[in-house]
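Number of protein chains: 2
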Amino acid sequence: MSSSTTKIVFTLSVLAATFVSNIWASDGAQVPLSDSESNPIKLGWMQGFPPPQDKLIMQPESDFFSFPKMRWTVCHIRELMPTKEVSRGIGAPVPMAYALDSGIDSVKFNPLGSNKPMTWKQSLSANYTDGMLVLHKGRIVYEAYSDCLNDTGKHAAMSMTKSLTGLLAEILVVEGRLNPTAKVATIIPELKDSAFGNATVRQVMDMTTSLKYSEDYADPNADIWVYSKAASPLPKQKGYKGPNGYFEYLQTLKQDDIKHGEAFGYKTVNSDALGWIISKVTGKDIASMLSERIWQKMGAEQDGYMTVDAKGIPFAGGGLSAGLRDLGRIGQLMLNSGEINGQRLFPKEVVENIQAGGDKNAFAKAGYKTLEGGSYHSMWWVMHNEHGAYAARGVHGQTIYVDPTAEMVIVRFSSFPSAANSKIDPTSLPAYQAVAKYLMQN
Amino acid sequence: MSSSTTKIVFTLSVLAATFVSNIWASDGAQVPLSDSESNPIKLGWMQGFPPPQDKLIMQPESDFFSFPKMRWTVCHIRELMPTKEVSRGIGAPVPMAYALDSGIDSVKFNPLGSNKPMTWKQSLSANYTDGMLVLHKGRIVYEAYSDCLNDTGKHAAMSMTKSLTGLLAEILVVEGRLNPTAKVATIIPELKDSAFGNATVRQVMDMTTSLKYSEDYADPNADIWVYSKAASPLPKQKGYKGPNGYFEYLQTLKQDDIKHGEAFGYKTVNSDALGWIISKVTGKDIASMLSERIWQKMGAEQDGYMTVDAKGIPFAGGGLSAGLRDLGRIGQLMLNSGEINGQRLFPKEVVENIQAGGDKNAFAKAGYKTLEGGSYHSMWWVMHNEHGAYAARGVHGQTIYVDPTAEMVIVRFSSFPSAANSKIDPTSLPAYQAVAKYLMQN
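Protein chains in written order, with the numbering used here: chain A, 75 to 516; chain B, 75 to 516.
Hints are all accurate, no fakes.
Since the list gives no way to pick out one identical chain from another, each pair is judged satisfied if it fits inside one copy or across any two copies.
No farther apart than 20 Å at their CA atoms in a straight line, the calculated lysine to aspartate or glutamate pairs in the DMTMM-like style are these:
1) Lys358 x Asp225
2) Lys312 x Asp137
3) Lys211 x Asp179
4) Lys385 x Glu135
5) Lys129 x Glu322
6) Lys190 x Asp179
7) Lys371 x Glu413
8) Lys385 x Asp128
9) Lys310 x Asp137
For the record, the hints were derived by calculation from the structure and aren't laboratory data.
Based on the provided sequences and hints, a complete structural model is requested.
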C-alpha cells in the first residue's frame with residue numbers, strides 16, 4: 075500500500091470511527107466496544123475445557139443476549155435453547171456461481187446525514203458485520219465472514235424470520251388457500267375474543283392491527299415482558315399463572331383505541347399470529363412449511379433451524395437461524411420472482427404483491443426516519459425508492475436487501491450493539507445503493 | 075397371501091406377542107402398550123395447533139422420557155433441549171448403493187431362551203423398532219422406518235454416542251496424540267483429586283475404573299440423580315449448590331474399594347471423562363471432533379447433533395442424535411477398517427484395536443447374561459463370537475452391529491419400553507446372527 079493510500083485509508087477509518095462515536099454520543103449512551111474490540115473470538119467467549127467462569131455464556135437470555143456476549147450468541151442460538159430443524163432434505167446442494175469483484179470494497183458513499191464519505195469495507199466494521207454477501211445477476215460478487223461466523227456456520231436471522239412467515243402467507247394467498255380479507259377468528263376460533271379476532275388476515279400480514287401492546291423495555295410491566303415469559307422454552311417457575319407459549323399469549327391481547335387498518339405498528343405478535351394462521355390452514359408448523367416450500371427446493375446447502383416455545387411451537391416472529399448463502403438463495407428466489415435453479419417454487423404474483431408494497435400513509439404514522447416514504451407489506455419492508463428495493467430486516471442489523479433494478483441481492487448478518495436498525499441504516503442503506511450503482515455500471 | 079401363509083404369520087405373531095408378554099411378566103411389571111398401540115403418531119403426541127393439553131410433551135425429562143411419550147421424544151430431542159451441531163459440512167452427500175433383499179423379512183431365528191421361532195419382521199415390532207438398516211458388502215439390503223422416524227429424520231443414539239467418543243479416542247491413540255497408559259490427572263489436572271486422577275486413559279476407555287457411583291434409580295440419593303441435576307442444561311434452581319455441568323460433576327467422584335483395572339463397570343461418567351480428555355488433547359469439543367474426523371468425511375447426508383449441559387459441553391456419554399443411514403455409514407467405515415467411499419479416514423489399526431476387544435475377565439464380573447464371553451473396549455461391545463462381531467449399543471434398543479465375517483452392518487433405532495438391553499437382546503442378537511448367515515448363503 076502506498077503511503078498516500080495508507081493515509082487516505084487511515085483518514086477514512088478515523089472519520090468512520092468518529093461517525094460511529096457520534097451516533098452513540100447523540101444518544102447520551104456510553105460508546106460501546108468497537109467491532110474489532112468486541113470480536114467474540116478475541117474476547118475468548120466459551121473457549122477452553124471448561125471455559126473460565128468469566129468467559130461463560132449461559133441462560134438466562136438477559137445475560138446471553140447482552141452486548142458484547144451477544145456477538146458470540148448470534149451464531150450459537152441452538153446451544154442455548156431448544157430448536158426445530160428447517161430441513162434442506164438429503165439431496166445435493168446446488169452450488170452458487172461466483173464472479174467476485176474486488177472493486178466493491180472501495181465503493182464510497184456518504185452515510186445518511188453526513189457528507190463525509192465512507193468505503194464499503196469500512197462500513198462492514200462500522201456496522202459490526204458478521205457476514206456479508208452480495209449477489210449480482212445471480213452470481214456471488216462479494217462474500218465476507220468475520221467474528222463468530224464462517225461459511226459453514228449459521229447466524230440468527232432475528233426478525234427476518236417475519237418476512238419468511240409473510241412469504242409463506244403470501245404464497246397461500248396467491249394459491250387461493252388463504253383469504254386475506256377473512257377475519258382471523260374465522261380461521262383461529264381461539265382468537266375470537268382477542269384483538270386479532272376481528273382483524274383481517276391482511277391487517278395481520280401488514281401489521282396494521284390495532285393492539286394494546288407496549289414494547290417499552292424500561293417499563294417492567296410492559297407487555298413485552300409478559301410475552302417474553304410466555305414465549306420462554308424453559309419450564310415455568312412454580313406458581314406461574316400467566317400464558318404458556320405464543321398461542322396462549324396471543325389470546326390475551328386487547329385492541330387499542332384506533333381501528334384496525336389505520337396505522338402500521340411494528341409488533342412481533344402479528345407474526346406469531348400469522349404463523350398460527352398458516353399452521354391452521356396447512357396443518358403444519360412454520361419450520362416444516364419453510365422446509366417443504368423453500369429449503370428443500372432451493373438447493374440449500376445447510377439446514378436452518380427455529381427456536382421454539384415450551385410447547386414446541388416455532389417462533390414465527392424471530393426464531394430462524396440460517397447460513398449466509400442460504401439466505402442469499404432466498405433473496406435470489408425473490409429477485410427471480412419465485413424461480414431458482416430453473417425451478418419455479420411459487421407463482422410470480424407472490425413477489426409482485428410483496429414488491430408493490432402496503433399502505434404508505436399507515437406506515438408514515440409510525441415515523442421511521444430512515445425509511446421515509448416506505449411501507450410494510452406481507453412482513454417485508456418496501457423502500458418505494460427508484461430501484462423498487464425491498465428488504466427483510468432484523469434487529470442488530472440483519473438484512474436481505476433485494477434491488478430488482480440493479481439485479482442485486484445483499485444479505486447481511488451482524489451484531490450491532492444496539493437493536494435499533496435506525497442506528498445502522500445511516501451506514502448501510504446508502505452503502506447498498508452505492509454498490510447497486512457500481513454494479514450497474516460494470 | 076395364501077390362507078396357510080396367513081395362518082403361519084398369525085401363529086408366529088401370537089407367539090411373538092406371548093414371548094414379549096412373558097418378558098414383562100417375568101419382571102412382575104405391567105405389560106406395556108405394544109409397538110402398534112404405542113405408535114406416537116397414532117397416539118397424537120404434539121399434533122394440532124396448539125396440541126391439546128393431554129397430547130403435549132414438554133420438559134421436565136421425567137415426563138418427556140417416560141413411556142410411551144418417549145416414543146415421540148427419541149426423534150425430537152432438539153425440540154426439548156439445547157444442542158450443538160455435528161456438521162456434515164456443505165458438500166454433496168455420497169449416496170449409498172442399494173441391493174434390497176425382500177427375503178430378509180422371513181428369516182427365522184429362535185429368541186434366546188426360547189425354542190419357538192420368530193421371523194425378522196416380527197422381531198421389528200417385538201423390539202419397538204423405529205428404524206432398521208442392514209448393509210451387506212456395503213450395499214443396503216434392508217431398510218425400514220416406522221413410528222416417529224423417516225429417512226430424513228434423526229433419532230437419539232443414546233449410549234451409542236459412547237462408542238463414537240471411544241472411536242475418537244482410539245484414533246488419537248493410534249495417531250500417537252493420546253497415551254493410553256498416561257494417568258488422567260496428567261491430562262486433566264482438574265481431576266487430580268477425583269477417582270479418575272490415578273486411573274489410566276485406557277481404564278477410562280474400557281470402563282474398568284473403580285468408581286463409587288450408584289445408578290440405582292430407586293434410591294433418591296443415588297449418584298445418578300446428582301449427575302442428572304449437574305448435567306441438565308436448564309438454569310439451576312435458586313440456592314442450588316451442587317456441581318454445574320459434566321466437568322464439575324466428574325471432579326466430585328471418589329474411588330470405590332477395588333483397584334482400577336480389575337472390573338468392568340458400565341458407568342456413563344467414564345465417557346464424559348473421555349470426552350474431556352479428548353477436548354484437552356485436541357482443543358476441540360466432541361461435537362466438533364465428530365464433525366471434523368467423521369461426519370464431514372464420510373459422505374453424510376444429514377448433520378447430527380448432541381445435547382449439551384448448561385455450559386455448552388456436549389454429552390459425550392449419550393447426547394448424539396443422527397440419521398439411520400449416517401450411522402450405517404459409520405458401521406461401514408468400521409467394517410472397512412477406516413475407509414469409506416475410497417477415502418481413508420483413520421488408520422486400520424484403530425478398528426483392529428477395537429475389534430480385538432478388552433479384558434474378558436474384568437467384563438465377566440459385571441454379569442451380563444446376554445453377552446457372556448464378551449468384553450468392552452474403547453467403548454465398543456465386543457462379542458468375541460465366531461464372526462468377530464462388535465457393537466455400539468444404547469438403552470431402549472439402539473445398536474450399530476458390525477459382523478466382519480458376514481460383511482454385514484446392522485443399525486437399529488428403537489424405543490423399547492424398558493431401558494435394559496438385556497430385555498431386547500433375546501429377540502435381536504440371534505436375529506442379527508440369523509440374517510448374517512442368510513446373507514452369507516446368498
